[in-house]
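> Here is what each chain is made of, one letter per residue.
There are 2 protein chains.
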Amino acid sequence: MKTSELFTRTARQAPAEEVSKNAQLLIRAGYVYKMMAGVYAYTPLGLRVLENIKQIVREEMNAIGGQELIMSSLQKKETWDATGRWDDEVVDIWFKSKLKDGTEVGFAWSHEEAIIEMLKTYLTSYKDLPINVYQFQTKMRNELRAKSGIMRGREFIMKDMYSCSINAEQHEAFYQSSIDAYMRVFNRVGLGDVTYVTFASGGAFTQYSHEFQTICEAGEDKIYQIPSSGQAFNEEVAPSRAPAFADMPTEQEDMNVVEAEGLTGVGAIAERLAIPRERTTKTMLYLADDEMVAAVVRGDYAVNVDKLRAVLDAQKLQLASEDNIRDITGAEPGYAGLVNMPEGVRVIVDDACEPLVNFETGANKTGQHAANINWDRDVTKPDTFHDIKMAKKGDIHPETGEVYTIHKTAEVGNIFNFGTQKSKDTNFSYTDEQGELQYVHLGSYGIGVTRLMGVLAENFSDEKGLRWSDEVAPFRVYLVRIGNDEETISAADTLYAKLQSWGIEVLYDDSEKRPGEKFADADLIGIPHRIVVSPKTIAEEKYEYKKRTEDEAEILDIESLKSRLTQ
Amino acid sequence: MKTSELFTRTARQAPAEEVSKNAQLLIRAGYVYKMMAGVYAYTPLGLRVLENIKQIVREEMNAIGGQELIMSSLQKKETWDATGRWDDEVVDIWFKSKLKDGTEVGFAWSHEEAIIEMLKTYLTSYKDLPINVYQFQTKMRNELRAKSGIMRGREFIMKDMYSCSINAEQHEAFYQSSIDAYMRVFNRVGLGDVTYVTFASGGAFTQYSHEFQTICEAGEDKIYQIPSSGQAFNEEVAPSRAPAFADMPTEQEDMNVVEAEGLTGVGAIAERLAIPRERTTKTMLYLADDEMVAAVVRGDYAVNVDKLRAVLDAQKLQLASEDNIRDITGAEPGYAGLVNMPEGVRVIVDDACEPLVNFETGANKTGQHAANINWDRDVTKPDTFHDIKMAKKGDIHPETGEVYTIHKTAEVGNIFNFGTQKSKDTNFSYTDEQGELQYVHLGSYGIGVTRLMGVLAENFSDEKGLRWSDEVAPFRVYLVRIGNDEETISAADTLYAKLQSWGIEVLYDDSEKRPGEKFADADLIGIPHRIVVSPKTIAEEKYEYKKRTEDEAEILDIESLKSRLTQ
Chain B
1 MKTSELFTRT
11 ARQAPAEEVS
21 KNAQLLIRAG
31 YVYKMMAGVY
41 AYTPLGLRVL
51 ENIKQIVREE
61 MNAIGGQELI
71 MSSLQKKETW
81 DATGRWDDEV
91 VDIWFKSKLK
101 DGTEVGFAWS
111 HEEAIIEMLK
121 TYLTSYKDLP
131 INVYQFQTKM
141 RNELRAKSGI
151 MRGREFIMKD
161 MYSCSINAEQ
171 HEAFYQSSID
181 AYMRVFNRVG
191 LGDVTYVTFA
201 SGGAFTQYSH
211 EFQTICEAGE
221 DKIYQIPSSG
231 QAFNEEVAPS
241 RAPAFADMPT
251 EQEDMNVVEA
261 EGLTGVGAIA
271 ERLAIPRERT
281 TKTMLYLADD
291 EMVAAVVRGD
301 YAVNVDKLRA
311 VLDAQKLQLA
321 SEDNIRDITG
331 AEPGYAGLVN
341 MPEGVRVIVD
351 DACEPLVNFE
361 TGANKTGQHA
371 ANINWDRDVT
381 KPDTFHDIKM
391 AKKGDIHPET
401 GEVYTIHKTA
411 EVGNIFNFGT
421 QKSKDTNFSY
431 TDEQGELQYV
441 HLGSYGIGVT
451 RLMGVLAENF
461 SDEKGLRWSD
471 EVAPFRVYLV
481 RIGNDEETIS
491 AADTLYAKLQ
501 SWGIEVLYDD
511 SEKRPGEKFA
521 DADLIGIPHR
531 IVVSPKTIAE
541 EKYEYKKRTE
551 DEAEILDIES
561 LKSRLTQ
Chain W
1 MKTSELFTRT
11 ARQAPAEEVS
21 KNAQLLIRAG
31 YVYKMMAGVY
41 AYTPLGLRVL
51 ENIKQIVREE
61 MNAIGGQELI
71 MSSLQKKETW
81 DATGRWDDEV
91 VDIWFKSKLK
101 DGTEVGFAWS
111 HEEAIIEMLK
121 TYLTSYKDLP
131 INVYQFQTKM
141 RNELRAKSGI
151 MRGREFIMKD
161 MYSCSINAEQ
171 HEAFYQSSID
181 AYMRVFNRVG
191 LGDVTYVTFA
201 SGGAFTQYSH
211 EFQTICEAGE
221 DKIYQIPSSG
231 QAFNEEVAPS
241 RAPAFADMPT
251 EQEDMNVVEA
261 EGLTGVGAIA
271 ERLAIPRERT
281 TKTMLYLADD
291 EMVAAVVRGD
301 YAVNVDKLRA
311 VLDAQKLQLA
321 SEDNIRDITG
331 AEPGYAGLVN
341 MPEGVRVIVD
351 DACEPLVNFE
361 TGANKTGQHA
371 ANINWDRDVT
381 KPDTFHDIKM
391 AKKGDIHPET
401 GEVYTIHKTA
411 EVGNIFNFGT
421 QKSKDTNFSY
431 TDEQGELQYV
441 HLGSYGIGVT
451 RLMGVLAENF
461 SDEKGLRWSD
471 EVAPFRVYLV
481 RIGNDEETIS
491 AADTLYAKLQ
501 SWGIEVLYDD
511 SEKRPGEKFA
521 DADLIGIPHR
531 IVVSPKTIAE
541 EKYEYKKRTE
551 DEAEILDIES
561 LKSRLTQ
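Protein sequence lines correspond, in order, to chains B and W. Position 83 (the first sequence) corresponds to 83 in the numbering used here; numbering is contiguous. Position 2 (the second sequence) corresponds to 2 in the numbering used here; numbering is contiguous.
Treat the hints as calculated values from the structure; they're not laboratory data. The C-beta atom is built at its ideal place from N, Cα and C for all residues, glycine as well. Be aware that one or more of the hints could be misleading.
[What the hints assert, rightly or not] Selected chain W positions facing chain B (Cβ under 8 Å, derived; list incomplete):
1. Tyr42
2. Pro44
3. Gln67
4. Ile70
5. Lys100
6. Met118
7. Arg154
[Stated by the list, open to error] The list that follows gives simulated cross-link-like pairs (lysine-lysine, DSS-like), each with its CA atoms no further than 27 Å apart:
8. W:Lys100 / B:Lys513
9. B:Lys77 / W:Lys147
10. B:Lys464 / B:Lys392
11. B:Lys76 / W:Lys21
12. B:Lys98 / W:Lys100
13. W:Lys96 / B:Lys98
14. B:Lys96 / W:Lys147
15. B:Lys147 / W:Lys120
16. B:Lys542 / B:Lys513
17. B:Lys100 / W:Lys147
18. W:Lys513 / W:Lys536
19. B:Lys147 / W:Lys98
20. B:Lys100 / W:Lys77
21. B:Lys120 / W:Lys518
All chains should be built: construct the whole structure from the sequences, respecting the hints.
Printed below as a string of C-alpha cells:
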C-alpha cells in the first residue's frame, strides 16, 4: 500500500488528554482514533495489527480443537439470572437498555452464561463431550475510569474460550493444553520471555486460577516471582514470609498501657511510642459467616482477605461495621487489639507476628494502646500462626526461602476452572454411560486481544515510536523513496512491485515530504524493516536497509536484500 | 472437519415461535442459535458462511480502493447532535445507556456521523481526497418487532462504506464503480439474476438513491420492474400511470349531493352510490411548510407522500390533524373534497383523475358527498394533473407505456449520495487548490451481511433443507460414510484426507447414524457436493457423487471425482 492511499496521517502530538503511552503512540502513528474515553476506532493500520494478533490466537486455539463461533452482544436478563449476575450490585459494569416493550436488555461484558445457555441445547450425552468453543467478541464494560488507552477500555475485543468436559481428569488435560497454547501465542507475538503464568485468585471451586502476566510499566498488576524458577504469583495470592526484623529487642520490658484519646493508625502510634512499625500490630474485625473474627497482622502489613477466607474456610467474609466494632469491643474503632479481647471472638494471627518482642496492640478501650506486649506473658500465644498478610517488597517465598522478584505487569490472559459450580447454577448436565445425569466440568479461557496490542505498543517502542515484530506488524517493509525525479520514482516503483512479488507486504512512502520527515514517520509507524531508494542507492545499484530495532543501516544488493527478508 | 467434532446437531423441528423460513432452516441445520427475538449467535457452520460472504464483499470493496477499518459500537451524544440524529424522536431505534457519571451513550445503529467525525481529523486538503473507507460492523437497532429471522435483527452485521470526494464529478465516478462492485458481490453469491438496482427515495440533496433488491418471498419490499429492461423502482418511488378504466360513462349525468351522516371511506361510499371505486376520489389535507394542500387521488389509490412532496418542493410535509381539517373545511374528517373547497387551499390532483366522468367527491360538509361530478361543469379542472399516487398492481410505467412486473423483494444493499448536505451539517470541509474551503461530497454504501445470508437461506433451499452455492458454503463437500466396519472406515478416512490434499474443505459425517438420517442431514445442512463411501462403492472401486441441487447420483472413479470438484 502507498502512504498516499492511506487516509491516516502521522502527528507530532497526541491529544492532550491522552495520558497512556500506548494510546499516545498509536494515535500519533495513525493506528487508532479515540471516539471517547476508553473507546477507540481502529484505522486500516490498526485493524491490520489486530487481525494479525487474532490470526495467531485463532491458529493456536484451532490447534487444540477449538471451534470458532460468534455470540451476540445483546443479552437477556433470564440468561444471567441463574447465577445472580444480572444484578448491578453483583456485576457493576453492565451497560443496560430497554426494548420498546420495556424489556430490559444488557450488552455483554462476558459471555459465560450465554454460551452455557446455547451449549445446553446441543450437549446432552457423554458422547457429545469434550468440546471447546471460542470467539473473538467485542465486550462492553461500564468502567468507572478509562485512562489506560487500549489496555483497559469500555469497549474492547476479547478472545474467550469455553471448555466442557465429562470429568475433572478430562478437564485438567484440556486446561494444561490451553496453558501451552496460550504461551505459544505470547511467544509468537514476542512477549514469551516477559510473560509469566501466575497463580491468581480462584473461586468457590478451586484454590487458584491462572493468569498470564506480562511485564509492562503501564500494567495495573504486580506479580511476585521466585527468582530461581519461572513460578510467579499475583500479589493478592502470593504466599509470603516476612524477612527477619534486625532490630528486635532481646529483653522483655514491662507492659504499659498508653492513654492517648484520638491516637489511631499504626503510623501515628509507632511515632508516639517511638518504636518501629514492625513492632506495632493491626487488628481488623470481620464477620465470617456467623462468627466474629479478629485478624492480626504486623503493623507494616495489610490483611489479605483471600488468604484469611481460606484459613477460615468461610463462604462470606465481610469487614465489621463501626457499630459492630463498638458492640464487640466496647471501644471506638481504632483501638481493637489482643489485650482485653472479648470472649467469643476467634483470633487469627499472621506469622510475621510470632517473633515479636515488646510489641504494641490495641487494648479494646477507647484511647488505650498497650505497649511492650509479649506472647504468653501478656496475651495468649496462638497454637498456630497463619499467613494472612498481603505480600510486599522484600518478602520471601516460604517454600523456597527465596526473596521474591516483583514485577509490574499487565494481565494478558486468564484461565479459570469452574469445576461443576457453574453447571450446577445453570443446570447444565449430560447423561453418562450408565444413563445417570452428571454435571459438566467447565473452564473459561480469555485473552484480551486489544489489550495485548496495547501491551505490544507499550513494550515494543522507544522515544521515536513503535517497533512491531514481523508477526504482528501491519506491513513487513517500509519503503522510503528519497527524491521525486523520474528515475528515482521508477526505481522505487520497481522495487515496490518486486517486494510484493516475493509475497512481502509493503507500505510505500511515495509522498513528497522531506527525507527527515519520512524517516521520522518510518520510526513512528514502526514497520520492522525499512528500505531506502534514492539517487545515491541507484548509482550504487544497491539498497539501504535498516531494521527498526537497529541503529545502523546497511547497503545491500538485491540478492542480499531478498535473503534478509525471506529467510 | 468431522461431524463428531462439531458440537451442533441437526434438529427435525425449529423452535415453535420461529416463523421465518430462513431462521427455521438455519436453526434446524445448526447454523444459528436464537438468543432472543432478532438476536442470533452464529455457530461454527454459520460463522463460516458469514466469513465467506464477508470475504467476497471485502475483495470487491478492496478492488475499488476501499480501506477497511473498524469503528466502535459505543457512541457519544455530541457526535450525533450536529445532524439532530441523537434525538429519539428523529431516530427511534437507538439503544442508549449511561456511563457511571451519568453521561448518555448510544450503541451504533449507523456509523455515518462517527466516521465523518473521525475523517475530519485526517482529511483537510484536496490532496487527501478522494478516499473511501469501509467496515464490517455489528449494528444495534431497537426494532419494535423482529420476526424475519436473520433478515431483520436487533443486532446484525453490516458492511458500510463511505466515500469522500472533492466534487460531484469525482463522487459520481466512485458511485458508479460502487454499483458495479455491488453487482459483482451479488453475482458471486449467486443472486445476480434476481437482484435489481432500483431507484429508491432520495433525500434533500438527490431525487433518488439506489437500492439493491433481491427477489425473495420473505422480503419486506416490493419493486416495480419495466419488463423490457432491467430498470426497476421501489414501490414508494415508482412513477405510475393508471391503466384505462373500461367502464367509464360517456354521458354526463346531473350532479347530486348525497346526505349520508357517518358515511366515510371510499369503499362504503362506492357501495352506497352503486358506482365502482374507480369513480370515487379521495382528498387528503396536508400542511406543506406553511401552506394548506389538498391532495386528490382516485378512490382506489393512496397518496404517495414522497411524490407529493416533490411536486410541492416542500421541506416539511405533514398530514393535517383532525382539528386542522375541521378548521379548514368546517366539516368533520371524512368529507373533504373538491366541491366547496375553501379558498386558500392549494389543490393537487393525481393524473388518474383526469379522465373521470360522473365521479364522486366530498362536499366539505359533514355528512355530504357529491356524486356525478364532472370537470369544469361542477369543479375547476386543474391546468396540470400530477402523478402523486402510490403505484399498484396493473400500473404502467409512463415513459415506456409498459405494465410493470411487480416482485416481492428484500433490500440487500443501498447506496446514497449525500452531496454536500451532511458535510455542511457536520462542517466537514477541505482546502482546494486555490486555498478556499469547500465542502466534501459524501456517499454512503451499505450491504446487510447477515441479511444477505438470510436471503440466501430463503432463496437457496427446498423442502429438504438448505442449498448453498460453492462460494458461500461452509464446506464444499459433505462426505457420508455408510457402514462402520473397518474397511469402510479406512476407505472413507482415506478419501477425507485425499479431498483435503486437493485443497477442498470437507464436512465428514463419521457418525453411526442410519443411512437415511445421514442423507437427511446432508440435505438439511446443504453442502453443495455429497460423496458417499460404502461397501458397495468400495467393491466397485468408485464413489457415489451427487450435487445438492440435483436429484440423481452418479458413480464416479477417483479421477472423474477430482475433475468434478477441481474444475
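> Does each hint fit the structure? Answer for all of them.
Now for the hints, and whether the structure bears them out:
no.	hint	verdict
1	Tyr42	holds, 5 Å
2	Pro44	holds, 5 Å
3	Gln67	holds, 5 Å
4	Ile70	holds, 5 Å
5	Lys100	holds, 5 Å
6	Met118	holds, 5 Å
7	Arg154	holds, 6 Å
8	W:Lys100 / B:Lys513	violated, 45 Å
9	B:Lys77 / W:Lys147	holds, 20 Å
10	B:Lys464 / B:Lys392	violated, 35 Å
11	B:Lys76 / W:Lys21	holds, 24 Å
12	B:Lys98 / W:Lys100	holds, 18 Å
13	W:Lys96 / B:Lys98	holds, 8 Å
14	B:Lys96 / W:Lys147	holds, 23 Å
15	B:Lys147 / W:Lys120	holds, 24 Å
16	B:Lys542 / B:Lys513	holds, 23 Å
17	B:Lys100 / W:Lys147	holds, 15 Å
18	W:Lys513 / W:Lys536	holds, 18 Å
19	B:Lys147 / W:Lys98	holds, 18 Å
20	B:Lys100 / W:Lys77	holds, 20 Å
21	B:Lys120 / W:Lys518	holds, 23 Å
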